[in-house]
Amino acid sequence: MVAPVLIFAVGNESRGDDALGPLLLRRIQEQASDSVECIEDFQLQVEHSADLIGRRQVVFVDADVSCESPFHFSELEAAHDHSYSSHAQSPAALLHTFKQVYEDMLPQCYVLGIRGYGFELGEGLSPEAADNLEQATAFLQSWLARSVEPAQAHHA
Amino acid sequence: MDCVLWGYMTDKLETAVSPEKLRRVAIDPVTRVEGHGKVTLLLDENDRVHQVRLHIVEFRGFEKFIQGRPFWEAAVMVQRLCGICPVSHHLAASKAMDMVVGATLTPTAEKVRRLMHYGQILQSHALHFFHLCSPDLLFGFGSDVAKRNIVGIAAAYPEIAKQGVLLRKFGQEVIRITAGKRIHGTGSIPGGVNKNVSIEERDYLLQDVDQMVAWSEAAIGIVRNLFEQDLAMYSSFGSFDAHTLNTVRADGALELYDGGLRARAMDGSTIFDHFDTSHYWDEILEDVKPWSYMKFPFLRRLGPEQGWYRVGPLSRVTQCDFISTPLAEAQRKQFMAFENGKAAKATLGFHWARMIEMLHAAELIREILHDPDLQGTDLVNIGERQERGVGVIEAPRGTLIHHYRVDENDQIVRCNLIVSTTHNNQAMNESIRQVARQYIDGKKLTEGLLNHIEVAIRAFDPCLSCATHALGKMPLEVELLDAEGIRVDMLSRSSEGVCESLA
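These protein sequence lines map, in sequence, to chains A and B.
Numbered per the working numbering, the first sequence spans residues 1 to 156.
Numbered per the working numbering, the second sequence spans residues 1001 to 1503.
There's no promise every hint is true.
Below, a sample of chain B positions facing chain A; criterion: calculated Cβ distance under 8 Å [said to hold, decoys possible]:
{"hint": "1", "residue": "Phe1062"}
{"hint": "2", "residue": "His1131"}
{"hint": "3", "residue": "Ala1161"}
{"hint": "4", "residue": "Val1165"}
{"hint": "5", "residue": "Arg1388"}
Take a look, some chain B residues computed to stay more than 10 Å from chain A by CB distance [unchecked claim]:
{"hint": "6", "residue": "Pro1019"}
{"hint": "7", "residue": "Asn1046"}
{"hint": "8", "residue": "Ile1084"}
{"hint": "9", "residue": "Thr1104"}
{"hint": "10", "residue": "Gln1123"}
{"hint": "11", "residue": "Gln1172"}
{"hint": "12", "residue": "Ala1218"}
{"hint": "13", "residue": "Met1266"}
{"hint": "14", "residue": "Arg1301"}
{"hint": "15", "residue": "Gln1306"}
{"hint": "16", "residue": "Leu1327"}
{"hint": "17", "residue": "Asp1373"}
{"hint": "18", "residue": "Ile1382"}
{"hint": "19", "residue": "Gly1383"}
{"hint": "20", "residue": "Gly1448"}
These are calculated hints, taken from the structure and not from any lab test.
Where a beta carbon is used, it is the ideal one built from N, C-alpha and C, also for glycine.
So here's chain B without its partners, still in its complex pose:
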């Protein structure tokens, strides 16, 4: 740690003391993450970092968009929120509407939904690792920008690229079979599902599932090797202490579909455990900050300043008591024990934890495909109508909360969503500030250095306000402004990923 370097910066880097005297650097938008985000850095004339903020445009518009719609449409409409994880929203909304219709799911309905969810976890984690993060990890954060993408991976590591494509494809096939369609699925409905899994569909998935388990297990080895090659860097990069939030099963096992909330403090002590998700607001509140459109959730009993936390694979894998499938549990133990727990505390440990979850999902898919309940015909079970519904699942990126109020005309009158990226808002800010301290402060900015910040953000895999996908968008722009706000340099990365200075 460079103590001299620290002396130039404010303690938390959230708000500079005299921002009007500083240069502003904007990374806009952050690339390779869903939607658009922006990072701003305030630097002085000596390139010392004084302020770092991650700005994310949240999809608050959806909560208005859904108002006035009949409640049974919600599970389908919410898939329009995100092109990367529509199934997570589909299932969280379905769970909320289960509560509205007073449902207790039949075994067939719950298992078909779980299968769909595990397919989503598998395909999302495969996409994230093989196509968003492995370019950084395998080529190096400051490596040639031309190589840091999936095409570069395909050229240099053809087998890894192929496995990534086929793992992703398999997960999508699980979703297609359980949701009924490739996209805009209608498989999950209030109170259950509208189709089971036929013997033919089951056998089709069983053909490849062993290979998916094997590839998932091998992927963990890739991350482990990276840690072993440069333990000091991998353990410290963008790392920070954080409280954690995730769901667990009643026996403490990792639970992705339907668990109770567990919050642990930085020192490992339990803040609350097995908390009923249907009353999440008794433990989780949302704060606002003037510089960000995105809310900052916090643990109510710790308050907005101290109560921020981290969600997602790293929290889930490190805070559960065990994993219910054997291969993933063996990998979890190795991960937790690696170098006295250094990987389990590292921000880049997200990738390792994510691969353990991918293996867990593959094992669960294999397990559940052998369950005859998938071919059951009792699909829906509805009880007494309620006016409020809360659905909470562990989406690929972390805890996802859907909360609705429905009036007597079956119309949605209120909606509140807390997505994993919102839960991680403060944690992501903490991580990039740590990266700024470690790598940016006092140095001349280069594309490679700026990519370090993006590497930290991608470790969390934020799902930002789902931008439209249109040809011709500009993915990255960096501006350097002087104290008077005059642009002195500008670094532009075109939609093809080519960087050029426009100064």
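Same shape as in the complex, but just chain A:
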């Protein structure tokens, strides 16, 4: 039975603030209930559309170089957004691919972009990004408590 909630983190832990997604995932994973599955990968790829099958809610977590500090959280719609690179496929484009390939109803999807600053190989997390990570983690834990557990109780 697939977990109804998916947290999908994108990033490379060896490249500075690109580690934001995976690091947040570890923290969530420690306390997550059985109804939450955590997946991470270096990049979003088209085959990840298969990970959306059977989900009720999905949160994509990634470092973001364009949002304001500390993070940005918003609901996501499938979009024919012309994203070019399959190695950097946007979450919205992945949802669109899901609809095209599986012809199924989309789960409720969100994106959590955490502001990052430096992305060099071998660098650690920058102090500013570390602060942003703390706040984003607290936010997602709170969101999970509000969104997942009541739904689970209702479902039960």
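Add chain B to chain A, keeping to what the hints say.
Then chain B, alone, in the frame of chain A:
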């Protein structure tokens, strides 16, 4: 060929005669390739091309990054280099460390690693063709930018898009089962592997493998059809003569995991054959050029000016004597014979060759899944410790060399990597210069024309310095500067792929 057009350009287009008088056009970064690259064109007031260069930021930083680490960490750490082909680095580093620990692999270890490698070839080639190149090929290089992406493919060719997703997914499942995890796999270790393939895992993969073989074979037909529809364009686009480098099996067969080096000259003569990869530096050296961060490897006996070469699927498929699996071998013969070998010499023949290799990988996966050695329990075999290790494999994009020196404290003290994109550095430059001659010279620049250059680069499928994947990055920017360096126009493509002029 327009002879008048040629008269305006320097012979090689590498360095303009008077660059200070020319406009500079930068395509930065090249889209739909791993990481970041940049193409600069120097044009005069009549839009004549005088200089074309592909700049790539190489991941030299990794070689420092790995120094001081214990050697057994290398095979895991190197996967952080590239999000597209971590398995290739995982296996090349493992092979190098096999040499360090004096290992002779057990049959189970070698076959599990081969299965992992074939899964990587399959998934990488599927991703490349269906999601990087088919938008250009199926819609046309100068077509509506809004359509030239996987979403456009999904809308217009839903079955092809679906096959691409599922081929890629299958390859990833092969990797997950052999490497132990979806990412950060630890399956391959110095001297062997740390897990075999269970009967249940084997049966799980066998359920779908016939379908993967069938889809791979059908994909070759797509490329063939494209060549048949416009043979003149497909045969000439960005094409050039090149020496080749690849590995082959002892009997001359295509060999992706563990062969000897074969170099052939432009005229087809053999420069060297079955050369021991553990001493690659006797035949391959690296040159530097002041305008590029990336090195330019060359064949030592031909020298830096004449010795550049091409690696990857096109070299492997055209320079092997045969392919060991029947369906792929039949396709190779057709490819080589097509229009008297025109496709086999074409830059866009990369796509055809890549699909033949995808079929070969699918056939090999099916073959090896039936081998009972996969369920063996003799996983590691270690011998006498050495201080040097070299691992060479044929990664999806071409020959990949990992070279390490390890001290008496088991720490890595030196590392040199030559990745396929570095091998192809000069060849990619040659290809885009040819495209500039064919399509750009003397014409007003448009996004569609610039995409022609990107099409040539994507044929090689360069794996550039693996950029971080962060939301909000700007994938493409084109600047037109006048002779004084003042910007007269700027074409910007947003992270959503939308183009707009900012002039």
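How the hints compare with the structure:
Because the smallest distance between the Cβ of Phe1062 of chain B and any Cβ of chain A comes to about 6 Å, under 8 Å, the interface hint for this residue holds. A hinted interface residue such as His1131 of chain B counts as satisfied when its beta carbon comes closer than 8 Å to some beta carbon of chain A; here the least separation is about 4 Å, so the hint holds. Of the supplied interface hints, the one on Ala1161 of chain B holds, with its beta-carbon coming within about 6 Å of a beta-carbon of chain A, less than 8 Å. The interface hint given for Val1165 of chain B is met, as the beta carbon of that residue sits about 5 Å from the closest beta carbon of chain A, less than 8 Å.
The interface hint given for Arg1388 of chain B is broken, as the beta carbon of that residue sits about 24 Å from the closest beta carbon of chain A, more than 8 Å. Separation of Pro1019 of chain B from chain A is adequate, the least Cβ-Cβ distance of about 30 Å exceeding the 10 Å criterion. Every beta carbon of chain A lies more than 10 Å from that of Asn1046 of chain B, the smallest distance being close to 31 Å; the non-interface claim holds. Non-interface status of Ile1084 of chain B relative to chain A is broken: a Cβ of that chain comes within 10 Å, the nearest being about 6 Å off.
No Cβ of chain A approaches the Cβ of Thr1104 of chain B within 10 Å, the least distance being about 32 Å, so the stated non-interface status holds. Annotated as non-interface, Gln1123 of chain B brings its C-beta within 10 Å of a C-beta of chain A; the closest such distance is 8 Å. Non-interface call for Gln1172 of chain B relative to chain A: violated, since the shortest CB-CB distance, roughly 6 Å, does not exceed 10 Å. For Ala1218 of chain B, the condition that its CB be more than 10 Å from all CB atoms of chain A holds, with the nearest at approximately 17 Å.
Its beta-carbon lying about 33 Å from the closest one in chain A, Met1266 of chain B satisfies the requirement of being farther than 10 Å from that chain. Separation of Arg1301 of chain B from chain A is adequate, the least Cβ-Cβ distance of about 34 Å exceeding the 10 Å criterion. No Cβ of chain A comes within 10 Å of the Cβ of Gln1306 of chain B; the nearest lies about 34 Å off, and the non-interface call holds. Even its closest Cβ contact with chain A, about 24 Å, leaves Leu1327 of chain B beyond 10 Å, as expected for a residue assigned away from the interface.
Taking the minimum C-beta to C-beta distance to chain A, about 29 Å, the non-interface status of Asp1373 of chain B holds against the 10 Å cut. No Cβ of chain A comes within 10 Å of the Cβ of Ile1382 of chain B; the nearest lies about 28 Å off, and the non-interface call holds. Taking the minimum C-beta to C-beta distance to chain A, about 31 Å, the non-interface status of Gly1383 of chain B holds against the 10 Å cut. Once the 10 Å rule is applied to beta carbons, Gly1448 of chain B is consistent with being away from chain A; the minimum gap is 14 Å.
Hint check: violations occur at hints 5, 8, 10 and 11; the rest are consistent with the structure.
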